[in-house]
Every structure is written in C-alpha cells, then in structure tokens.
Amino acid sequence: MRKLTVKERVVEAALDLFQEKGYHGVSVEELVEHAETSKGGFYHHFKSKDDLLYEIHDIFISYVLNETKRASEQYDSAIDQLDALMRTFMNVFNIYQRHITVFYNESVYLLPNHEEAITKKRTAYRKLLEQILINGQRQQVFRQELSITITAMLIIGTVNWTYKWYKQDGELTMQDITTYFNDVILRGVMTEAGYREAATKQYLL
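Numbering (our numbering), first residue to last: 12 to 216.
Calculated from the structure, these hints are not laboratory results.
Since we're looking at a predicted model, the values are computed, not measured.
Ideal Cβ positions, reconstructed from N, Cα and C, are used throughout, including at glycine.
A portion of the hints provided could be inaccurate.
[To be verified] Straight-line C-alpha distance at most 16 angstroms; calculated EDC-like pairs for lysine to aspartate or glutamate:
1. Lys60 / Glu40
2. Lys60 / Glu23
3. Lys50 / Asp62
4. Lys80 / Asp91
5. Lys60 / Glu117
6. Lys32 / Glu117
7. Lys138 / Glu78
8. Lys212 / Asp91
9. Lys132 / Asp69
10. Lys212 / Asp194
11. Lys132 / Glu78
12. Lys131 / Glu66
13. Lys175 / Glu117
14. Lys14 / Glu47
15. Lys60 / Glu19
16. Lys212 / Asp87
17. Lys58 / Glu40
18. Lys18 / Glu66
19. Lys60 / Asp27
20. Lys131 / Asp69
21. Lys50 / Glu19
[Said to hold, decoys possible] Using C-beta positions, here's what the derived DEER-type ranges look like:
22. Thr160 / Asn116: 25 to 31 angstroms
23. Thr202 / Gly51: 55 to 61 angstroms
24. Gly36 / Glu182: 30 to 36 angstroms
25. Gln213 / Thr160: 27 to 33 angstroms
26. Gln213 / Tyr115: 32 to 38 angstroms
27. Asn171 / Ala128: 15 to 21 angstroms
28. Thr211 / Ser158: 23 to 29 angstroms
29. Gln213 / Asn116: 34 to 40 angstroms
30. Leu215 / Glu156: 17 to 23 angstroms
31. Leu157 / Val39: 46 to 52 angstroms
32. Lys212 / Asn102: 15 to 21 angstroms
33. Trp172 / Ala204: 26 to 32 angstroms
34. Thr202 / Lys58: 47 to 53 angstroms
35. Tyr115 / Arg207: 35 to 41 angstroms
With the hints as extra help, turn the sequences into a complete structure.
Shown next as structure tokens:
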C-alpha cells in the first residue's frame, strides 16, 4: 500500500477530528499530533484550518467535475450522458463520504475567498448538467416544457442529500441506489422517444 504524504495525512486527520469534535473543537496542534507531523509540515501545505476545510471540499468536487466532463464527452446521446453523470455523481458518496459529510457540516466556517472558489466549481458542474438537459431537448428525448435551470437544481439537490442517509454497509449498494435514482429522474424528464431509448439500454427498473 502506498504511504500517505504529509498533506494526505493532515486531510485524513481533519476528517477524523472534524467529524468527532467539529471544526471549532479541533486545534492545529491536535491535527498535527493526529497526522504525526509538525506545525511546519502543516503550514507548508495549508495556510490555516480554513484552507484545510476548503481542500476537503476541493478533493471531491474536483473529482466530480473531472469525471462528469469525461462522461459528457464520451457519449453523444443525452440519455447516455445523464446516466453517466448520475453514476459519477452518486459514486462520490462511496469514495468521499467522509469528505462530503465534514464539508457540509462545517462549511459555515469558510472564508469568503474560499466560498467564491467553491461556487465557481459548483457552477461549472451545474452548467455541465444543464448542457446535457439542453442536448436532450434538442434530441427530443427530454421534455421541451421543462425548465433547464429548475430541473438541474432539482437533480443536484436530490443527489446532494444522499450524504445524510447513505450507509456503505446498508442493504442496498450504491449501484442499486443509483439505478433507482436514474429511473425516477429519467422517467421525469423523458419524452416517449426518450423512454424507448432508455428502456432499450436497460437504464430503467
């Protein structure tokens, strides 16, 4: 197994301690001790605890953004694109569940410059989703009367809340849950032509 870098050890320490004690309940000294490094090691990678909290968010939002770009470029069909986007979006809860939980619980402590950087990446993600929905309307597989903005926000809001209830050792796997989400979302946005395509590709329950 690859040995973690100092930066990775500090992030892991923050995930453990922020979940246990909350952002304000943890000092830099505790982070350093838990990560088995020094203050010099901490400040070499992070200017402050806020910088560390931002890094925790950036790790998972960058993954989602990069994988979503790859998925949207891989397929021409908007239905394929939306299915791939959903699988990427949902899989982040398997890979980065602790990051997501810590960030959403502690994000009120972010400084304005970090909030701005986060907003830019989240906006970029929303625009990728909106473009897929636009593609679907142009291909006549998604309903023309739907608002692109509202539909995108509905999908993002529905998926984002997964961190509150998803358990990796639960009865259903993330793949099972994603298939269920895809079925509900696709049935809500598709035309009859879209339904036929999705059914043929076995995207529906």
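Going down the list of hints, with the structure as the test:
Restraint check for Lys60 and Glu40: the C-alpha separation of about 11 angstroms stays at or below 16 angstroms, so the hint holds. Proposed proximity of Lys60 and Glu23 is supported: the alpha carbons are some 13 angstroms apart, at most 16 angstroms. With a C-alpha separation of about 14 angstroms, the suggested pairing of Lys50 with Asp62 holds against the 16 angstroms cut-off. Between Lys80 and Asp91, the direct Cα distance comes to roughly 13 angstroms. Compliance with the 16 angstroms bound is thereby established for this hinted pair.
This hinted pair checks out: Lys60 and Glu117 have alpha carbons roughly 11 angstroms apart, not beyond 16 angstroms. At most 16 angstroms may separate the alpha-carbon atoms for a hinted pair to count; Lys32 and Glu117 meet this at roughly 11 angstroms. A threshold of 16 angstroms between alpha carbons decides the hint, and for Lys138 with Glu78 the separation of about 14 angstroms falls inside it, so the pair holds. Of the pairs offered as hints, the one joining Lys212 and Asp91 holds, with about 9 angstroms between alpha carbons and a cut-off of 16 angstroms not exceeded.
Proposed proximity of Lys132 and Asp69 is supported: the alpha carbons are some 9 angstroms apart, at most 16 angstroms. At roughly 12 angstroms between alpha-carbon atoms, Lys212 and Asp194 fall within 16 angstroms of each other, so this suggested pair holds. A distance of roughly 13 angstroms separates the Cα atoms of Lys132 and Glu78; the hinted pair therefore holds under the 16 angstroms criterion. Only pairs whose Cα atoms come within 16 angstroms are accepted, and Lys131 paired with Glu66 is accepted, the gap being roughly 15 angstroms.
Of the pairs offered as hints, the one joining Lys175 and Glu117 holds, with about 14 angstroms between alpha carbons and a cut-off of 16 angstroms not exceeded. Taken as a hint, the Lys14 and Glu47 pair is honoured in the structure, with Cα atoms around 13 angstroms apart against an allowance of 16 angstroms. With a CA separation close to 14 angstroms, the supplied pair Lys60 and Glu19 stays within the 16 angstroms bound. A hinted pair counts as satisfied when its Cα atoms are at most 16 angstroms apart, and Lys212 with Asp87 qualifies at roughly 14 angstroms.
Restraint check for Lys58 and Glu40: satisfied, since their Cα atoms lie roughly 14 angstroms apart, inside the 16 angstroms limit. With a C-alpha separation of about 10 angstroms, the suggested pair Lys18 and Glu66 falls inside the 16 angstroms cut-off, and the hint holds. The straight-line distance between the Cα atoms of Lys60 and Asp27 is roughly 14 angstroms, inside the 16 angstroms bound, and the hint therefore holds. Taking the CA atoms of Lys131 and Asp69, the gap is near 11 angstroms; set against the 16 angstroms cutoff, the hint holds.
The suggested pairing of Lys50 with Glu19 holds, with an alpha-carbon distance near 15 angstroms, which does not exceed 16 angstroms. Thr160 and Asn116 have their C-beta atoms about 27 angstroms apart, which keeps the hinted 25 to 31 angstroms range intact. Roughly 60 angstroms separates the CB atoms of Thr202 and Gly51, a value that falls within the hinted 55 to 61 angstroms. About 33 angstroms separates the C-beta atoms of Gly36 and Glu182, a value consistent with the hinted range of 30 to 36 angstroms.
For Gln213 and Thr160, the Cβ-Cβ distance of about 30 angstroms falls inside the hinted range of 27 to 33 angstroms, so the restraint holds. About 33 angstroms separates the C-beta atoms of Gln213 and Tyr115, a value consistent with the hinted range of 32 to 38 angstroms. Distance hint check: the CB atoms of Asn171 and Ala128 are about 18 angstroms apart, consistent with the given range 15 to 21 angstroms. Look at Thr211 against Ser158: about 28 angstroms separates their beta carbons, and that is inside 23 to 29 angstroms.
A hinted range of 34 to 40 angstroms for the beta carbons of Gln213 and Asn116 is consistent with their spacing of about 37 angstroms. For Leu215 and Glu156, the Cβ-Cβ distance of about 21 angstroms falls inside the hinted range of 17 to 23 angstroms, so the restraint holds. Look at Leu157 against Val39: about 48 angstroms separates their beta carbons, and that is inside 46 to 52 angstroms. Between Lys212 and Asn102 the beta carbons are some 19 angstroms apart, a value that agrees with the proposed interval 15 to 21 angstroms.
As the Cβ distance of Trp172 to Ala204 is approximately 31 angstroms, the hint placing it in 26 to 32 angstroms holds. Evaluation of the 47 to 53 angstroms hint for Thr202 and Lys58 yields a pass: the beta carbon distance comes to about 51 angstroms. Taking the beta carbon of each, Tyr115 and Arg207 are about 38 angstroms apart, inside 35 to 41 angstroms as hinted.
Checked against the numbered hints given earlier, the structure satisfies every one of them.
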